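Colleague: Read top to bottom, the protein sequences are chains Y and L.
Under our numbering, the residues of the first sequence are numbered 1 to 230, in order.
Under our numbering, the residues of the second sequence are numbered 1 to 230, in order.
Any given hint could be a false lead.
Identical copies look the same in the list; a pair holds intra-copy or inter-copy alike.
Claimed, not checked - The list that follows gives simulated cross-link-like pairs (lysine-lysine, DSS-like), each with its CA atoms no further than 25 Å apart:
#1 K9 - K128
#2 K100 - K206
#3 K24 - K128
#4 K9 - K24
#5 K206 - K75
No lab work stands behind these hints: they were computed from the structure.
Predicted, not measured: the structure shown is a model, and the values here were computed from it.
Protein chains: 2
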Amino acid sequence: MAHTRSSLKPAAGFTEPERDAVYKAIFNRRDVRDQFLPDGIAPDVLDRILTAAHHAPSVGFSQPWSFLLIRSEEKRRQVHQLFTAANEEAADLFSDERAKLYQSLKLEGILNAPLNICVTCDRTRGGKVVLGRTHNPEMDLYSTVCAVQNMWLSARAEGVGMGWVSIYRHDALRDLLNIPDHVQIIAYLCVGHVEELYERPELEVKGWADRLALEDIVHEETWPESKTGK
Amino acid sequence: MAHTRSSLKPAAGFTEPERDAVYKAIFNRRDVRDQFLPDGIAPDVLDRILTAAHHAPSVGFSQPWSFLLIRSEEKRRQVHQLFTAANEEAADLFSDERAKLYQSLKLEGILNAPLNICVTCDRTRGGKVVLGRTHNPEMDLYSTVCAVQNMWLSARAEGVGMGWVSIYRHDALRDLLNIPDHVQIIAYLCVGHVEELYERPELEVKGWADRLALEDIVHEETWPESKTGK
Numbered sequence: 001m002a003h004t005r006s007s008l009k010p011a012a013g014f015t016e017p018e019r020d021a022v023y024k025a026i027f028n029r030r031d032v033r034d035q036f037l038p039d040g041i042a043p044d045v046l047d048r049i050l051t052a053a054h055h056a057p058s059v060g061f062s063q064p065w066s067f068l069l070i071r072s073e074e075k076r077r078q079v080h081q082l083f084t085a086a087n088e089e090a091a092d093l094f095s096d097e098r099a100k101l102y103q104s105l106k107l108e109g110i111l112n113a114p115l116n117i118c119v120t121c122d123r124t125r126g127g128k129v130v131l132g133r134t135h136n137p138e139m140d141l142y143s144t145v146c147a148v149q150n151m152w153l154s155a156r157a158e159g160v161g162m163g164w165v166s167i168y169r170h171d172a173l174r175d176l177l178n179i180p181d182h183v184q185i186i187a188y189l190c191v192g193h194v195e196e197l198y199e200r201p202e203l204e205v206k207g208w209a210d211r212l213a214l215e216d217i218v219h220e221e222t223w224p225e226s227k228t229g230k
Numbered sequence: 001m002a003h004t005r006s007s008l009k010p011a012a013g014f015t016e017p018e019r020d021a022v023y024k025a026i027f028n029r030r031d032v033r034d035q036f037l038p039d040g041i042a043p044d045v046l047d048r049i050l051t052a053a054h055h056a057p058s059v060g061f062s063q064p065w066s067f068l069l070i071r072s073e074e075k076r077r078q079v080h081q082l083f084t085a086a087n088e089e090a091a092d093l094f095s096d097e098r099a100k101l102y103q104s105l106k107l108e109g110i111l112n113a114p115l116n117i118c119v120t121c122d123r124t125r126g127g128k129v130v131l132g133r134t135h136n137p138e139m140d141l142y143s144t145v146c147a148v149q150n151m152w153l154s155a156r157a158e159g160v161g162m163g164w165v166s167i168y169r170h171d172a173l174r175d176l177l178n179i180p181d182h183v184q185i186i187a188y189l190c191v192g193h194v195e196e197l198y199e200r201p202e203l204e205v206k207g208w209a210d211r212l213a214l215e216d217i218v219h220e221e222t223w224p225e226s227k228t229g230k
């Protein structure tokens, strides 16, 4: 196909400052729950963040994602109620010190953040047979997650914080947002400007868990025999 | 908790060139199948890419990911056989012009790329109850996908291309790489330096699918009534 060869161009090289800027976004990105400012997000900034999402990789170029922008306080209050109900169930699974610590954590910014974004995956987009999904049907979900991570990093570069809320019942949120059955909710995001961020992940700072050593999770050639058990 | 407040610092602002560099990585990232150079990846470059992956967000800070680095040609040949078998099955699902186009596409760089990386998710890491996974048990899979997208963008900034292969049978690849049952394969990646890239996604360039208009996939407040059917 003659036109394909001409579409290959020299890969745009990155200068060292450009490379460092990419790492700055990656290493300074935080899951934000409580540092949101009330100021709205300018339309051009939001447009850039959504355009970044839309340029994520997608299986068979199926672009299965959609973005519901939720700004109304009424709607956010309703979502917050769903979170609160689910969070009480979740908290009950911890005991003693762990329960106390869990209850001290703020796990969402649904009301603090001026904008919530529900990111969905249309399981039917791209038709019945999607290139690359035959043996791995979950690939469309993964594509949508790549879009979320693009949003997170571009938001960071725009001075905007983002937090991913995963404590809610799917069916309840689906009903509230009128999302049809063939569309799966992937992420519920709280989005707003931030001036302060944790230097390290909040759950690390607050003693919930430690960062693993990289050498313990990188292996050569095959899974190590010593780690095949649970 | 007194120590938490002091861990909040002014969010590092991005200059306009830094912001543009982040978008450069996002918009110039490609799913690479055929433009790999044979040169190996320097250890410090690979270390930065894996460190970027390890700084992805993870549910309850569970860091469920592991990375198998596959360099041996023998092992890559075996993986390539798994791909070929699955790809024949997948190709059979298309007919006529679509089948012809499918068969003309190169869908993996398993042998071209000097390095393959299998990214996995340990479903048991973080213990029986993981903060944020109670109502959405798939969140650990999604965390691992965020790590893949971090790799993809940092690789781009390093002049390294990456392609995600999803055409294989999970069980076959799991057996080949000795991966235990509680660990799920998320991505099989081909990784190598590149000098040329497609200006737009390869499947768009080759006429497989068109890019959707952003305004068709962004909605306000709730899912639009007009789009609730399949």
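Colleague: I want to check one pair: K9 and K24. Are their C-alpha atoms no more than 25 Å apart within a copy, between two copies, both, or neither?
Modeller: For K9 and K24, the Cα distance is within 25 Å only across copies (15 Å; inside one copy 27 Å).
Colleague: Measure nothing new, just compare the shortest in-copy and cross-copy C-alpha distances for K9 and K128 to 25 Å and report within, between, both or neither.
Modeller: neither (33 Å within a copy, 49 Å between copies)
Colleague: Are the CA atoms of K24 and K128 at most 25 Å apart within a copy, between copies, both, or neither?
Modeller: neither (40 Å within a copy, 33 Å between copies)
Colleague: Can you give me the call for K206 and K75, within, between, both or neither, at a CA distance of at most 25 Å?
Modeller: Cα proximity of K206 and K75: none, with 31 Å in one copy and 43 Å across.
Colleague: If the cutoff is 25 Å on CA atoms, where do K100 and K206 land: within, between, both or neither? Let me know, please.
Modeller: Answer is within: at 12 Å inside a copy they meet the 25 Å cutoff, but 56 Å across does not.
Checked against the numbered hints given earlier, the structure breaks hints 1, 3 and 5 and satisfies all the rest.
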